[in-house]
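The lines below spell out each chain.
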Amino acid sequence: MINFASSILILAGLFFYLAGSIGLLRLPDLYTRLHALTKADNLGLGLLAAGLALHSQHLLTSLKLLLIWLAVLAASATSAHLIARQARRQETRR
Amino acid sequence: MNTTSLLVFDGLLLFSIVGLAWASLATTDERRSVILFMAFGLVLAVAWGRLLAPDVALAEAAIGAGLSGALLLAAARKQPRLLSPGSSKGSRHPDGANVSLVSRWAVTLLSAALAGTLAWALLHAFSSTPHDMLPRAISGNLASSGVSNPVTAVLLNFRAYDTLLELAVLLTAVLGIFALGQGTPGYQPAGPIFDGLVRWLVPVLILTAGYLLWVGAHAPGGAFQAGATLAAAGVVLRLAGRSRIGLPDGFVLRIVMAAGVGVFLLVGLTLLLLGRPFLGYPPAWAGALILLIETAAMLSIAATLLLAFVGGQPQSADVNAAANRQREEMS
Amino acid sequence: MTDAMIGLVALPLTGAVATLLLPRSATAVAVGTGLATTVAAGMLLFGVATQGALHYEIGGWNAGLGITLRADGLSALLLMMTSLVVLAASVYASAYFSAPSERARFWPLWLLLWTSLNALFLSGDLFNLYVTLELLGLSAVALAALGGKPAAIAAALRYLLVGLLGSMMFLTGVSLIYAGYGTLDLATLLRVVEPGPVAWTALAMMTAGLLLKTALFPLHFWLPPAHASAPAPVSAVLSALVVKAAFYLVLRLWLDVFANVVTPVAANLLGLLGACAVLWGSWRALQAERLKLLAAYSTVAQLGYLFLFFPVLLALPPGPTRDLAAGGLVMLALTHGFAKAGLFLAIGIIQQRCGHDTIRDLDGTAQHLPATTFAIALAGVALIGLPPSGAFLGKWQLLAGAVETGQWLWLVVTAIGSLLAAAYIFRVLGHAFVHRPYPNQPVTVARQEWPALLLAAMAVLVLGLAGAPVWKLLEIGI
Amino acid sequence: MLTAQVLYGLTACVIVALGLRAALLHTSLLQRVVAINVMGAGVFMLLIAVAYRGPGLPPDPLPHALVLTGIVVAVSATALALALARRLHAEQDND
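Residue numbers (the numbering used here), protein chains in the order written: chain A, 1 to 94; chain B, 1 to 331; chain C, 1 to 478; chain D, 1 to 95.
These aren't lab readings, by the way, just hints derived from the structure by calculation.
Since the model is a prediction, treat every value here as computed from it, not as a measurement.
Be aware that a few hints might be false.
SDA-like mimics (lysine to any residue), calculated; alpha carbons at most 25 Å apart, straight line [to be verified]:
1) K64/A with G46/A
2) K64/A with P54/B
3) K64/A with V198/B
Just chain A, same shape as in the assembly (with noise of 0.2 Å):
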């Protein structure tokens, strides 16, 4: 039963990862794309490190699992708004 939901969850991870790559190729601007790559692949890591988690037999794993899953959301978070900022700046000032 366990083994079925943690390959469910995988499974969803992996459509979120492959929509967040198709999403990076056919967006048109960088705006767009981040949104896309940002969102998409975030939720595709919670959902890969849930699977993760009821698969492994041990607390400790999932609890580092989390961790991973929450430093990857702030740091994508972060850097997606530093890249919009910086292009958006350069946009403004050419």
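Starting from the structure of chain A, add chains B, C and D where the hints point.
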């Protein structure tokens, strides 16, 4: 996970590794090359994990991709080098016209021949029976090495002399950088969001560094990975505008730089005086001595990588403030 | 006596840390450590002479697991030369650098270079050799860039990149050896290695890397600018010792560890490259405008002579003539070390006192700096290979070996090379001894001229007249 | 016999050749440093492939320690090269 699906995974992983390496080396735009190199380093870390080398995966991600990438990115010039008008824009060949076609083909053939001979020798080596003399000796002596993680045992006990010289290499690099003069002025103070992240992330990084140092005795981790994580915390602080990164000044900085080699030598020489061979830890004390050396090594590695990122002696506080204010009026 | 081996590495390393922590008294600490290290080298030489080859297992682990330091006749002699040359250059450097900040930056790097040289000559483990090579390369580059001038930094940067490429190729060879034989210890490798694709490819890669670092003919482009633009004591050690350490490794691998893997064809190739180095280096030295460039190109040429010995030693069957030839090789290496170091130190004095080192304007130097010119002349004698110098004995053995094995080409090359060497040395002396009617008064700079004189005298008199023990020591193999 | 060890070993040879080719061809200093780092990564892959013994079996820890030492040595060499380059560009820019 039967072998075929594992081979498919390996194929995909290796294809992306070689692809990233090729892309990173083929482009003439320096920033693009560095960013692709960082991606190459991260995928490489996944490969090390796949080959059951977690210690190396940690170090590759932290030092190979992370800090080398940060150093390279800081050095990469903003705009791509002005290509000579003759060559077409964004030509795939590195640096267009001035490397003649003949020499490029000669070097390509030479490299292909090198790859061929290496592969030929390697296949020959793999076909002969694997030599397990050393791994058996390591696992045999692991009990008396003071740690249960075999890689840390090899690094800090069996081949401790290598690690001593490697820390000397680090010390030489930072002394060479120091001799070149003042470091670069710091970055602008960060906006609210980045500042918020830094305020939360840096303590976590420092905590992780301590954990990695401690866990190195019985699980993947150790001084190098911990030092790199500590250096990452420093790099983030510097990017957020705090140019001093809390690095000590003058004499204390020299002590931290020389801590790794100094403590190693101290332990080695005192053991020599006690009649034991140089760096021959008594089994009872081995664990404690290794932890002591690893702590000093962590500090040295973090300080060296940070000073390399700063690019020399950190400028005194007031110079940075002036540089920041001056940049404020400009932008 | 084995503690002397670990002392040879630990002392300079401790000195480096001490000079880093106490910048104000760095000079005193550095010269003191230098003396202690030289005493340790003397003890080791005495130990090897009396007890034969010594080895020291670091950490008490046996050869397979841990790293073993080994010292035989060859490495003990090279360690003694290293200590004497670096000690003399240290005394010279204490007077050469005036600004305290410059001194504080110089000494730690200098002692780290010394550590890497000692560690390299003693190491008995292949991967440890890679780490010592890297330490040697980095400290040499950092010291070469100490000059601060753009030319020095550009030359140091090219030197670093070439060194990194060389180390990476050496590491590839080491990895292949570990893949094929599962061991890194040179002594066990000696017993285990046999001709085959793994051994040939690994030896080829390691040799290619080392030839890059020892600047043999086609790969020598980085050496002249790097050695010419470095501060005088640094270029003395770079030319006399750093390139020779890489040569020592080629010697150790080809004639000792991989002796049965090496083919005569490969040895002849090395000999050919050496011959080109001799001719090209001497020719460029003859045309050099500046004394330092002359000395740097002379290094390229002198290293060529050392590689001429390979085909001769391969062709000679093991016996007295082969031992004599091997002794000749070591004698030539030792003499070049002392002579070139003395020459660079003397050139440094001229550069500091006269403000330039262009050969054309050397008129009246003999009157202005008598002792320095004498040191240059003495070193020149050793570089040409005139009788009282050790180089004469070395070249004589080379010629004897070449005659014995019927390889006449090396005979011709050595003759032409020596003639060219005589030409470029006498060109310098010719300018220096031109009599100037109103010479500035003779100047003696004791603390700088004594080291140069002693080193040059070591090359000419001591090695030439008292050279016999070198051959006796070389019988002591690993 | 196409095992993972052989696959990674052959890829290592390709990466070493790629790195060497780029190191010899590039004239921009930064890309030569990147090329040397890529070549180093290739050699490290060679060592880790040699250490790999199979999916379930414990690998040989010695090459792992060698690669760790190699990574740290590579980053210190890169740091020195970049510092020299920055100083060189600074000199060229203002004269």
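Status of the hints after comparison with the structure:
1. Restraint check for K64/A and G46/A: satisfied, since their Cα atoms lie roughly 13 Å apart, inside the 25 Å limit.
2. Restraint check for K64/A and P54/B: satisfied, since their Cα atoms lie roughly 16 Å apart, inside the 25 Å limit.
3. Restraint check: the Cα-Cα separation between K64/A and V198/B comes to about 20 Å, which is no more than 25 Å; the hinted pair holds.
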